[in-house]
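Protein sequences appear in the order of chains A and B.
Residues 12 to 468, numbered by this note's numbering, are exactly what the first sequence covers, in order.
Residues 37 to 533, numbered by this note's numbering, are exactly what the second sequence covers, in order.
Hints listed in this document are in silico derivations from the structure and should not be mistaken for laboratory results.
The beta-carbon is built from N, C-alpha and C at its ideal position, and this holds for glycine as well.
Warning: the hint list may mix true and false statements.
Derived EDC-like pairs (lysine to aspartate or glutamate); straight-line CA-CA distance at most 20 angstroms [as the list claims (entries may be wrong)]:
id : chain 1 : residue 1 : chain 2 : residue 2
1  : A       : K102      : B       : D117
2  : B       : K422      : B       : D231
3  : B       : K422      : B       : E203
4  : B       : K422      : A       : E36
Reference listing, derived: stretches of chain B covered by chain A, where coverage requires no fewer than 3 residues with Cβ under 8 angstroms from a Cβ of chain A [what the hints assert, rightly or not]:
id : region
5  : 284-296
6  : 507-517
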Amino acid sequence: MRHISVTCEQREAMLRAVGCESVEELFADIPRDARFDRELAIEGGLAEMELVAHVRGLAGANTPAGGMVSFAGAGCYDHYVPAIVDHVLRKPEFFTAYTPYQPEVSQGTLQAMYEYQSMMALLTGMDVSNASLYDGATALVEAAMMAVRITRRRQVVCAGTVHPEWQSTLLTYAAAGNFDVAFVPSRGGAVAFDSEDVTSVLREGATAALLVSSPNVLGNVEDVQRAASLAHETGALLVVAANPLLLAVMASPGDQGADIVVGEGQPLGNAMSFGGPGFGFFACREEYLRHVPGRLVGRTVDMDGNPAFVLTLSTREQHIRREKATSNICSNQALCALAAAVYLSAVGRDGLAATARACIAKAHYLREALLATGRFRAPWDSAFAHEFGLIYDGDVTAMRDALFAQGFLAGVPLSMLGPLDRTGIDPGVADSIVLFAVTEKRSRAEIDEFAARVAAL
Amino acid sequence: MTGQPRHAERGVRRGPRELIFEMGSPESRCVEPPALDVPEVDLAEALGGAVREEPVALPRVTEVQIARHYAHLASMNFGVDSGSYPLGSCTMKYNPRVNEDAARLEGFAGLHPYQPLESVQGALEMMAGLAEALAEVSGLPGVTLQPAAGAHGELTALMCIRAYHAERGAVRSRVLIPDTAHGTNPATVAMCGYDVTTVRSDAAGGVDVVALREALDADVAAVMLTNPNTLGLFDENILEVTRLVHAAGALAYCDGANLNAVMGISRPGGIGFDALHINLHKTFSTPHGGGGPGAGPVCVSAELAPYLPGPIPVRVPDGTFRFENPARSIGRVRSFYGNVGVLVRAYAYVRALGGAGLREVSEQAVLSANYLKERLRTHYDLPYDKTCMHEFVLSGSRQKREYGVRTLDIAKRLLDFGFHPPTVYFPLIVEEALMIEPTETESLAELDRFVDAMVAIAEEAAAEPEVPKGAPYTTPVRRLDEAGAARNPDLRYRPEV
Numbered sequence: 012m013r014h015i016s017v018t019c020e021q022r023e024a025m026l027r028a029v030g031c032e033s034v035e036e037l038f039a040d041i042p043r044d045a046r047f048d049r050e051l052a053i054e055g056g057l058a059e060m061e062l063v064a065h066v067r068g069l070a071g072a073n074t075p076a077g078g079m080v081s082f083a084g085a086g087c088y089d090h091y092v093p094a095i096v097d098h099v100l101r102k103p104e105f106f107t108a109y110t111p112y113q114p115e116v117s118q119g120t121l122q123a124m125y126e127y128q129s130m131m132a133l134l135t136g137m138d139v140s141n142a143s144l145y146d147g148a149t150a151l152v153e154a155a156m157m158a159v160r161i162t163r164r165r166q167v168v169c170a171g172t173v174h175p176e177w178q179s180t181l182l183t184y185a186a187a188g189n190f191d192v193a194f195v196p197s198r199g200g201a202v203a204f205d206s207e208d209v210t211s212v213l214r215e216g217a218t219a220a221l222l223v224s225s226p227n228v229l230g231n232v233e234d235v236q237r238a239a240s241l242a243h244e245t246g247a248l249l250v251v252a253a254n255p256l257l258l259a260v261m262a263s264p265g266d267q268g269a270d271i272v273v274g275e276g277q278p279l280g281n282a283m284s285f286g287g288p289g290f291g292f293f294a295c296r297e298e299y300l301r302h303v304p305g306r307l308v309g310r311t312v313d314m315d316g317n318p319a320f321v322l323t324l325s326t327r328e329q330h331i332r333r334e335k336a337t338s339n340i341c342s343n344q345a346l347c348a349l350a351a352a353v354y355l356s357a358v359g360r361d362g363l364a365a366t367a368r369a370c371i372a373k374a375h376y377l378r379e380a381l382l383a384t385g386r387f388r389a390p391w392d393s394a395f396a397h398e399f400g401l402i403y404d405g406d407v408t409a410m411r412d413a414l415f416a417q418g419f420l421a422g423v424p425l426s427m428l429g430p431l432d433r434t435g436i437d438p439g440v441a442d443s444i445v446l447f448a449v450t451e452k453r454s455r456a457e458i459d460e461f462a463a464r465v466a467a468l
Numbered sequence: 037m038t039g040q041p042r043h044a045e046r047g048v049r050r051g052p053r054e055l056i057f058e059m060g061s062p063e064s065r066c067v068e069p070p071a072l073d074v075p076e077v078d079l080a081e082a083l084g085g086a087v088r089e090e091p092v093a094l095p096r097v098t099e100v101q102i103a104r105h106y107a108h109l110a111s112m113n114f115g116v117d118s119g120s121y122p123l124g125s126c127t128m129k130y131n132p133r134v135n136e137d138a139a140r141l142e143g144f145a146g147l148h149p150y151q152p153l154e155s156v157q158g159a160l161e162m163m164a165g166l167a168e169a170l171a172e173v174s175g176l177p178g179v180t181l182q183p184a185a186g187a188h189g190e191l192t193a194l195m196c197i198r199a200y201h202a203e204r205g206a207v208r209s210r211v212l213i214p215d216t217a218h219g220t221n222p223a224t225v226a227m228c229g230y231d232v233t234t235v236r237s238d239a240a241g242g243v244d245v246v247a248l249r250e251a252l253d254a255d256v257a258a259v260m261l262t263n264p265n266t267l268g269l270f271d272e273n274i275l276e277v278t279r280l281v282h283a284a285g286a287l288a289y290c291d292g293a294n295l296n297a298v299m300g301i302s303r304p305g306g307i308g309f310d311a312l313h314i315n316l317h318k319t320f321s322t323p324h325g326g327g328g329p330g331a332g333p334v335c336v337s338a339e340l341a342p343y344l345p346g347p348i349p350v351r352v353p354d355g356t357f358r359f360e361n362p363a364r365s366i367g368r369v370r371s372f373y374g375n376v377g378v379l380v381r382a383y384a385y386v387r388a389l390g391g392a393g394l395r396e397v398s399e400q401a402v403l404s405a406n407y408l409k410e411r412l413r414t415h416y417d418l419p420y421d422k423t424c425m426h427e428f429v430l431s432g433s434r435q436k437r438e439y440g441v442r443t444l445d446i447a448k449r450l451l452d453f454g455f456h457p458p459t460v461y462f463p464l465i466v467e468e469a470l471m472i473e474p475t476e477t478e479s480l481a482e483l484d485r486f487v488d489a490m491v492a493i494a495e496e497a498a499a500e501p502e503v504p505k506g507a508p509y510t511t512p513v514r515r516l517d518e519a520g521a522a523r524n525p526d527l528r529y530r531p532e533v
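Throw the hints in and build the complete structure from the sequences for me.
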């Protein structure tokens, strides 16, 4: 039997040891009517060689963007992953371990997570980071709920330029009854923080948090500093969702006044993998430490005085505090966070900044090249980093399909992201907007070729 | 035989060395992007002034330094490959390597979530196939693969239940949970805006039906049960329990953490449960990753299926696959479609075993647990002396009472014998609890070695109690100052300016 080491003979001996004649007797406590009375109708029993052929067949039925000239982003980015990253992840001592509840035999995971927390704190400009949450969307929700707990207010105000899928996630959690959400539309590709859009919903004494992503889902840079002062004037916390790779060159949200910084960590050394698993990062100011959701690793000493690491402040967590916990989260995305830590060491201080600069420069280069084709026009004139939106003058789907057949993934149509009614984008053009993201993987030759193919359509 | 150290070994420890931040030099490099082949942009101009003044103080190291660093860290870790890991309710079974390779195939790992549907048909087929298998195992037809972990699945299911009641105009504010429940259950209830009412267990370890009946009224939205429960017992009254729940207009939710005991033997959907989450990182062999990523798909009844989060991969009659949003969906519970890389691993596991193989998994898991229970029962207290499912709970109260050796000491001493300890001090209703789940993948020799170690520790507790009390002796570090860690939190390295 696959993955069962007990032999038939041993099985009989074990049955005798427990005083049973058959395996059936072990299930005698299950009432007859609670028994399942047929075999599970699930295909299987493939030999490993057959299994490999089968899953390769399924994988082969896909055309992965990772092997194409891809300009797709919108929350999931095609960055280069250094070889060393997966070699570390494949170490069984890391990937076959459980949550490090027994610190004496988990120092590897614990130290790696401490280093991860340190790196995320540096990138975000925050005092502390947790050891990861599920993804960017749920990290944003956890930040909103933490702000609700801290301020004892129940309204959160969310920029309409946050990814629509994250908005949907926020609304799902809000519907469970613990908080309300109001949205702020965008003008010209970003939120106009000094307009009535914001001041009409951000209410003194009522708003727990202002949630802003920068770059936003359109790739544009938001005025985080202004958002911070507006939020703080009403006693609300500012939550900023950031792209961790771009933080190498962008002003840290901490320096701009954010109280909590979250985001999707996938760009740091994780495969796209159809959108998961990546990880959510979560960092905040020290004063909110005891409200943080999820695991935290701390440095301490053992009984001999040797340095050591341990899960700490666990009285925040569900296994101790139960219904009074800061979150219900138990499993997180530790191995994906480990990938990020290895990635950040591999590219290092200079490589991460160079990578971010390359993404930004190439995105600006592509935008000029696409505008020069005459097939696109700009929906807004806003500062952006490595992703931008353009209005296509024809059928977006037809354009995308034609270029896909030629080996190019021509960005992401904005309409694929979900409902756009809260973004504030003119519905008349929203369906014609395509988001293009450019990473360091794209060469000038590929970008030139792509623009030429677009022009030739 | 154990052949393991009985006393302190004083040698050079393999404990933590320097941090990665403390290695390398300003010139050290590992991987850098190619030279820029487009014009540089002025960052301040491009980003509207929002630029960083000082570089982020990340490490500067070479690849060999990284390789050695993580090799050293790995050497301080204990995983399933290192030895038996009988952590109750965590199902630390072997993680088949072919599944790791499957998830890394470029045809899965290289997919972007917004590719054209025609280019991801294999991924959707895999997801739909996994969902169909989970529906068959659970006996519940509606499946979402979106939740990232068990607790996320619990929350998703409870949100569906909330929406179900809301649509029927019912205002129900409470959720009942037995006193044996995992901590995630009450935490989930609170996150879903409900109040928790705890229901006690009866003498046999199941839900106390009298207490349940008293607690059930028109204000109860749902009952969350783990079955088999955290004592490792299949609730003999389960049919009566779910009947009572439904009679009160509430729904029955099953925490599937312990599904490894009953695949092909009893289906949650067949015994009255309306919803179930499944931990793929437990029952379906995907690795725990040192804490994640896992996946917590939710299976629900036909009545609850319209409320599931979308999008859901579905097989259409023409043989292709597409995503659909359920009619009255609660909305998303995360971005994209789920931890797809984890789903690939679970899918491969299902196809390797098939329906018959999954049942054999449960049979062996249950037999192995009963075997350990029988061999250990005279050495430790066994508060619930019944045939167990895939796990059972011992109590170290005798050792504590007679020798002052606590369950924590027993757990730490097991580390010296080369075992990961069981889950300890849980469930909360058992004093000095040791919750043991061997899983089906342990060999008889490993099971016997674990018994030998547990017996040796019980004997040590009587003869030389100071030995377990001082354990562990052979691990990279010894017991930690956890109170100090919480009192003066040091949660990050701070670079010298």
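Hints, one by one, checked against the model:
no.: 1; hint: A/K102 <-> B/D117; verdict: 10 angstroms, holds
no.: 2; hint: B/K422 <-> B/D231; verdict: 33 angstroms, violated
no.: 3; hint: B/K422 <-> B/E203; verdict: 43 angstroms, violated
no.: 4; hint: B/K422 <-> A/E36; verdict: 12 angstroms, holds
no.: 5; hint: 284-296; verdict: violated (count 0)
no.: 6; hint: 507-517; verdict: holds (count 8)
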